[in-house]
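These are the residues of each chain, in order.
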Amino acid sequence: MLKYDNYYIPKTLKEYAKMCNSIGNYRIVAGCTDTMPWAREGRAGDVYFKNIIDVSKIKELNYMKFAKKNISLGAATSFQDIFLDKKIRKNLKILPQISVWFADDQIREQATLGGNIVNASPAADSTPALLSLNAKVIIGVIKGDKIIKKTLTLKEFVRGRNKVALGKKDLVIGFDMDNLNDYQACFEKVGHRRSLVISTVCVACVLKVKNNKFEDIRISVSGVCEIPQRLLKVEKFLIGKQVSHKNIFEASLLELNVINSRTRKDYRKQVLQNFIVRSILKSLEKNTSKNLNLNFIKDNLEKEYLHVRN
Amino acid sequence: MSEIKLNLSINGKNIKRSTKSHYRLLDFLREDLDLTGTKEGCGAGECGTCSVFVNGKLIKSCLMPVAKVNGSKIETVESLGTPDKMSEVQKAFCLTGASQCGFCIPGMVMAATSTLRNNPKSSLEEIKEEMGGNICRCTGYQKIFEAVEIARDVINKKQNKNVFDKYYKPENSFIGANVKRIDAPSKVTGNLKYAADMKMQNMLHMQVLRSDRPHAKIKKIDLSKALKLKGVVTAVTSDDVPGIDNFGVFVEDQPVLAKNKVRYVGEAIVAVAAESVEIAKEALSKIKIIYEDLPCLFKSEEALKNKILIHEDYKTNVVKHIPIRKGNIDEGFAKADVIIEDDFSTQPVDHAYLEPMAGISYVDQDGVLTIVSPSQNITHHRHMMAKIMNLPIHKVRFIMSPVGGGFGGKEDMIYQGMLALLAMKTRLPIKYVMSREEDIVSTAKRHPTKTHYKMGLLNNGKITAVEIKTLSDGGAYGCSTEGVMRKAAILGAGPYHIENLKMDTIGVYTNNTPSGAFRSFGALQTEFATESMMDLASEKLNLDPFEIRRVNAFKKGDLTHTKQKLNSASINNVLDELEKLCKWDKGSSNHRGEERKDLNSSDNRESCTLGARLETNRSRVSK
Ligand code: FES
Ligand code: FES
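Protein chains in written order, with the numbering used here: chain A, -7 to 302; chain B, 16 to 638.
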């Protein structure tokens, strides 16, 4: 049971800064969908905080801005908004794809993008997607009454399992990311149950093809390593190369050593490789260019290497 | 306890009042407003029994601090309809019989309503996707989906609304006809009160301190600090039991509260009654227990050695051994063309009924001790309770509250004894609701088993002899182990005529969570081994799995494993029908080539998939 005496809901950053300076013993929450199940038997048990500060209604954390090159989302954006918002669906195809795998419709209404990133779970779904979008984290650093904005790359921000570069009072305000409206995207995930799954392996891929060559590709993984990360070797190998079964297969082998999970290593390796290949193929499927013969690539992959059709 | 002032709209009414600041929306609805159609199946966002609308969006109220929704517009299942004025969705649920125990159903109705509000033309796939946050343990999803599709079609005027009349005027026949489920309206509207939904005047709340040791002597229980806490009324231990402190479905070996020692993690030691759940919980944290750890027994094979005894009085860890002997297996195996041997094991399983254990006890105006709980066995419980409480039988009464799913899990009287002790001691009503976690830790599971199997067969598939030994882990207390061993022994070798059979089922005590009754009552584990052996034999002998079963199936005049003569046997009719219906791809299972031909044919259901989809017809324009 989560117990507390006061539940504060600041409406502005200023109010928030004042609040956390004046009250002690508080815990910050946003959607609460992680905190509530955490305060139960078998996990944290009964937990008491004198004060809770709910940041989900802070005005400065609730925004969406769409520019030609850049898109910004407030930290309090809910996963259901990410799933359903028209502009996000068009410009950031990878985000709705992670959302559909995120818990269920009801939890998505409450859970926030910022909360998911701040928890820095090795299994967090949104981190690999944001990595692929070259996302930057905007942090509000509280210095007395002042709020100083600071920008970190996601890599600088996520420091380890459940560890982020955030001072006690600091707050994630939002995220700036690339507008990838001309990219195709695919998210692959395996977990234990359809709804509420904690991923054991997930891969986020965004790519752009021109003249049958990979013009750009960004692949990120999580669940299998302490910190979600980009597969830079795979990306480097593919950029500028022909879209062919041989290249895709060779790339898929390059970075399987990122896996440092303690359990079921071989299984995860197999899944990771399949996911890399599949996420590329599925992204390519959405490519409308006519001279790409995807069936030919798939046939050859099937023949020579792996099972890619499901 | 600190309070918060709320001002919100609930089901169209403006509500202004104070409540406990840490309450979840779920607590506020149930405890303060008595809107008990919203249930708590898990408290952790997993089940959807608590789904409500907040400003038009469906959410899980167990994850929502009530302070967060201050000023919002809330709609609960009570706003959708009443038994005499149900919504289309509710009527459709009644029509298709989409309610069994009913505990998940208010949440399901809410999720269905939300789905059709979001998109009145939702396809079946969209319905499935959007209702994915709600789980049902008994109805199965088929009838629920059927209901939502009917409701959708009526709403869209694609189907006449008089389709619902069928619910009120069922067919004029009983055999093979749909029978009206008379409790459906109370379930689909959230009107039905389960034990946790009930309240009484001056009621106290019980919480239970449970063992964190698998096997230990209890040297001392210190309640002094707990009893001093404001709002704590009293506490009971095994010392408070006035009568014979034993209960059990077959062997009465379990004390109401641990006596002298604990035998598994989760065993009850102290029960506290206080003015609120919060205070009772706090009291638990102030109780001190001094244990002396004992060597533990976790493996059933080890239990057979009797080096460590779980119940010293019995001199053995064997709860029950059922031997069955028929014919002569040595002769049978000698005749066999092939002999196959294998080992099988099964794991413990929780019943996962959606309604966690709950109950209310009180002493009525005539001094009758009364227990209201979703017990699956009230008559037996009543007799045991009379002995435990040292009361004449007419002074004990059990009332069975609606069972929100049982599956055998609610046969054991594991918490009613504590409720009785506290009601007698305080003469006040006592209420107890287990959390999901507590329920999983403390209640009986399906027996985990280890089976060694040997089967002799002729080349034509006819079984000549079978030898089975199944060892079941009964856990710390007897519960239903004895009966489960019997059923496992009687049915385990399957519906096959076996001339020479040696079958042993043995249930033992260990320091694991007790095992008890669970759907099929022991037959499942042994029959799993038997049917697996039949398949292995069919591969080995290159026979069709149907064929090898037909060769051995019971026929009229055969003797069962316990030598009862059968006057009729229908297993072959069943096999014939099944083979036809599933469009069986003939041949032994390992000679079928890469793909079987009978998958996804017209009469078969599709194979399961994860079914995630991105394509949705919905979209939102965020502010
Ligand atoms: S999801 Fe709220 S009680 Fe289960
Ligand atoms: S009817 Fe769904 S859980 Fe019982």
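These are calculated hints, taken from the structure and not from any lab test.
Please note: incorrect hints may appear among the correct ones.
As the list claims (entries may be wrong) - Partner residues are not named here, just some residues of chain A that face chain B (Cβ under 7 Å, in silico):
#1 Lys(-5)
#2 Asp(-3)
#3 Ile20
#4 Cys24
#5 Asp26
#6 Met28
#7 Asp46
#8 Glu101
#9 Glu218
#10 Ile219
#11 Lys274
From the three backbone atoms N, C-alpha and C, an ideal C-beta is built for every residue, glycine too.
Evaluated hints:
Hint status for Lys(-5)/A: holds, given a least beta-carbon distance of 5 Å to chain B, under 7 Å. Because the smallest distance between the Cβ of Asp(-3)/A and any Cβ of chain B comes to about 4 Å, under 7 Å, the interface hint for this residue holds. For Ile20/A, the interface hint is violated, since its Cβ never comes within 7 Å of a Cβ in chain B; the closest pair sits about 13 Å apart. Hint status for Cys24/A: holds, given a least beta-carbon distance of 6 Å to chain B, under 7 Å.
Interface restraint check for Asp26/A: the shortest CB-CB distance to chain B comes to about 9 Å, outside 7 Å, so the restraint is violated. The interface hint given for Met28/A holds, since its Cβ lies 5 Å from the closest Cβ of chain B, which is under the 7 Å cut-off. Residue-level restraint check for Asp46/A holds (minimum Cβ-Cβ distance to chain B is 6 Å; threshold 7 Å). Restraint check, Glu101/A versus chain B: the minimum CB separation of about 5 Å is within 7 Å; hint holds.
About 26 Å separates the beta-carbon of Glu218/A from the nearest beta-carbon of chain B, more than 7 Å, and the hint is not met. Annotation: Ile219/A was flagged as interfacial toward chain B, and the flag is violated, the nearest CB pair being 25 Å apart, outside 7 Å. The interface hint given for Lys274/A is violated, since its Cβ lies 11 Å from the closest Cβ of chain B, which is over the 7 Å cut-off.
In summary, the structure is inconsistent with hints 3, 5, 9, 10 and 11 from the numbered list given earlier, while agreeing with the others.
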